[in-house]
Amino acid sequence: MIAPRLYVQLDGGRRVYHPGERLSGSYWLESSTQLEPTAVEVSILWHTFGKGDEDLAVHYFDRRALAPHELPSLLEHPQRFASVLPPSPLSYEGVIVKIRWCVRVRVFFRKGKDLMAECAFQLGDVPAARAVLPAERD
Amino acid sequence: MPTDASADNPFASRCVRPGAMTFIYPPGLSAQRLVQQLAQQDWRGAIVGGHGSGKSTLLAELSAEAQRAGRQPWHVVLQAGHRRLPLPLEAIAACGPSGLLLIDGYEQLGRWYRWRLARHCRRAGVGQLVTTHAPCELPTLLVLEPTLELFLQIVQQLARGQTLPFERQDIEAAYAQANGNLRDALFALYDLFEERRAARPASTGGDEHISPA
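In order, the protein sequences belong to chains A and B.
Residue numbering for the first sequence follows my numbering, starting at 7 and increasing by one per position.
Residue numbering for the second sequence follows my numbering, starting at 169 and increasing by one per position.
Think of the hints as simulated: they come from the structure by calculation, not from any bench.
Errors might be hidden in some of the hints.
Computed far set for chain A versus chain B, every beta-carbon distance over 12 Å [claimed, not checked]:
id: 1; residue: Leu51
id: 2; residue: His53
id: 3; residue: Thr54
id: 4; residue: Phe55
id: 5; residue: Asp59
id: 6; residue: Glu60
id: 7; residue: Leu81
id: 8; residue: Gln85
id: 9; residue: Ser89
id: 10; residue: Leu91
id: 11; residue: Pro95
id: 12; residue: Val101
id: 13; residue: Val103
id: 14; residue: Ala135
FRET-style restraints, in silico, Cβ to Cβ [what the hints assert, rightly or not]:
id: 15; chain 1: A; residue 1: Glu60; chain 2: B; residue 2: Gly238; range: 30 to 38 Å
id: 16; chain 1: A; residue 1: Glu60; chain 2: B; residue 2: Ala341; range: 22 to 30 Å
id: 17; chain 1: A; residue 1: Ala63; chain 2: B; residue 2: Arg328; range: 23 to 31 Å
id: 18; chain 1: B; residue 1: Val245; chain 2: A; residue 2: Arg21; range: 47 to 55 Å
id: 19; chain 1: B; residue 1: Arg287; chain 2: A; residue 2: Phe67; range: 39 to 47 Å
id: 20; chain 1: B; residue 1: Pro194; chain 2: A; residue 2: Met122; range: 52 to 60 Å
id: 21; chain 1: B; residue 1: Trp283; chain 2: A; residue 2: Glu42; range: 51 to 59 Å
id: 22; chain 1: B; residue 1: Gln200; chain 2: A; residue 2: Ala63; range: 31 to 39 Å
id: 23; chain 1: B; residue 1: Asp210; chain 2: A; residue 2: Ala71; range: 41 to 49 Å
Below are the SDA-like pairs computed for lysine to any residue, each with C-alpha atoms no more than 25 Å apart in a straight line [what the hints assert, rightly or not]:
id: 24; chain 1: A; residue 1: Lys57; chain 2: B; residue 2: Glu335
id: 25; chain 1: A; residue 1: Lys57; chain 2: B; residue 2: Ala367
id: 26; chain 1: A; residue 1: Lys104; chain 2: B; residue 2: Thr331
id: 27; chain 1: A; residue 1: Lys117; chain 2: B; residue 2: Ala237
id: 28; chain 1: A; residue 1: Lys117; chain 2: B; residue 2: Gln235
id: 29; chain 1: A; residue 1: Lys57; chain 2: B; residue 2: Pro186
id: 30; chain 1: A; residue 1: Lys57; chain 2: B; residue 2: Phe191
id: 31; chain 1: A; residue 1: Lys104; chain 2: A; residue 2: Thr44
id: 32; chain 1: A; residue 1: Lys104; chain 2: A; residue 2: Ala45
id: 33; chain 1: A; residue 1: Lys119; chain 2: B; residue 2: Ala344
id: 34; chain 1: A; residue 1: Lys57; chain 2: B; residue 2: Gln235
Ideal Cβ placement from N, Cα and C applies to all residues, glycine included.
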């Protein structure tokens, strides 16, 4: 049996979006048909990463329960997702905290662990911060 | 292997929070062993250690192991100034006879309240596993005493093969300055990682947007 692999891709290979823009893309599963996926979840979310407490919010969520006969279509055709992005929070690569956006797809199976894939993107164009080096402090 | 300046900081909260890190047990001990010991202590025990010594990380691991052993864990995290649990003591009975009350920050509770809590737990058959800064009336399950060697192992575990942008003496200095507080020492390395990253150009190679987990 082929180990299942899940892929997520944004249309046009884009990485940077502006608030209010429409983000769209697709995901697909590579696997043998012996698997029994029961559901697929697509989320567009942001989360913080850094030194303090973590925060996370889901902007878009879609869960699709899968009937056994739907598996071939999931394997043969990329599945689409799309959403208009919100005005904030904008992506930010700070020193203490970073705000990161991504599309996350999770496939659940009748047996075994679920499979997850993420595709990161940037919302807005806030310049990244960087730590001040000791020499610059003097 | 060069340090990738675009790599994620391995000392971020996401990587070092309890549940994300694997607790490194003293020789001869394991989660299974400690839960067996807890069961022998009638499911009453305290993990004792200073700030940032790994108590919460161990508690998270023992919670999972206790669940495998048939106990239903109920987590309570107490912050400074919390003098009581965020639920009435009478509600303890709802945890059921297979319940295990996990209290992170037990030292926040006053003696009288602890005594009443213990009485309610005994009546309901609910176990107690707590973290505390000093030995208390519950039998001590393990005393955590961080060492430099342990800290070096933790750093290695977090790096996951990534070459870190600092040397062993930087790690030793972070440990020494934190006075045994591993959490503070890890956050010092977070800052150092960011500082050293700022001094390096970001990697431009590799398309990472397709990332099967």
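The hints, checked one at a time:
no. : hint                              : result
1   : Leu51                             : holds (14 Å)
2   : His53                             : violated (8 Å)
3   : Thr54                             : violated (9 Å)
4   : Phe55                             : violated (5 Å)
5   : Asp59                             : violated (7 Å)
6   : Glu60                             : violated (6 Å)
7   : Leu81                             : holds (15 Å)
8   : Gln85                             : holds (15 Å)
9   : Ser89                             : holds (17 Å)
10  : Leu91                             : holds (16 Å)
11  : Pro95                             : holds (17 Å)
12  : Val101                            : violated (5 Å)
13  : Val103                            : violated (9 Å)
14  : Ala135                            : violated (9 Å)
15  : Glu60(A) - Gly238(B): 30 to 38 Å  : holds (31 Å)
16  : Glu60(A) - Ala341(B): 22 to 30 Å  : holds (27 Å)
17  : Ala63(A) - Arg328(B): 23 to 31 Å  : holds (28 Å)
18  : Val245(B) - Arg21(A): 47 to 55 Å  : violated (38 Å)
19  : Arg287(B) - Phe67(A): 39 to 47 Å  : holds (45 Å)
20  : Pro194(B) - Met122(A): 52 to 60 Å : violated (34 Å)
21  : Trp283(B) - Glu42(A): 51 to 59 Å  : holds (53 Å)
22  : Gln200(B) - Ala63(A): 31 to 39 Å  : holds (38 Å)
23  : Asp210(B) - Ala71(A): 41 to 49 Å  : holds (45 Å)
24  : Lys57(A) - Glu335(B)              : holds (21 Å)
25  : Lys57(A) - Ala367(B)              : holds (20 Å)
26  : Lys104(A) - Thr331(B)             : holds (22 Å)
27  : Lys117(A) - Ala237(B)             : holds (23 Å)
28  : Lys117(A) - Gln235(B)             : holds (21 Å)
29  : Lys57(A) - Pro186(B)              : holds (14 Å)
30  : Lys57(A) - Phe191(B)              : holds (20 Å)
31  : Lys104(A) - Thr44(A)              : violated (34 Å)
32  : Lys104(A) - Ala45(A)              : violated (31 Å)
33  : Lys119(A) - Ala344(B)             : violated (41 Å)
34  : Lys57(A) - Gln235(B)              : violated (30 Å)
Violated hints for the displayed structure, listed by number in ascending order: 2, 3, 4, 5, 6, 12, 13, 14, 18, 20, 31, 32, 33 and 34.
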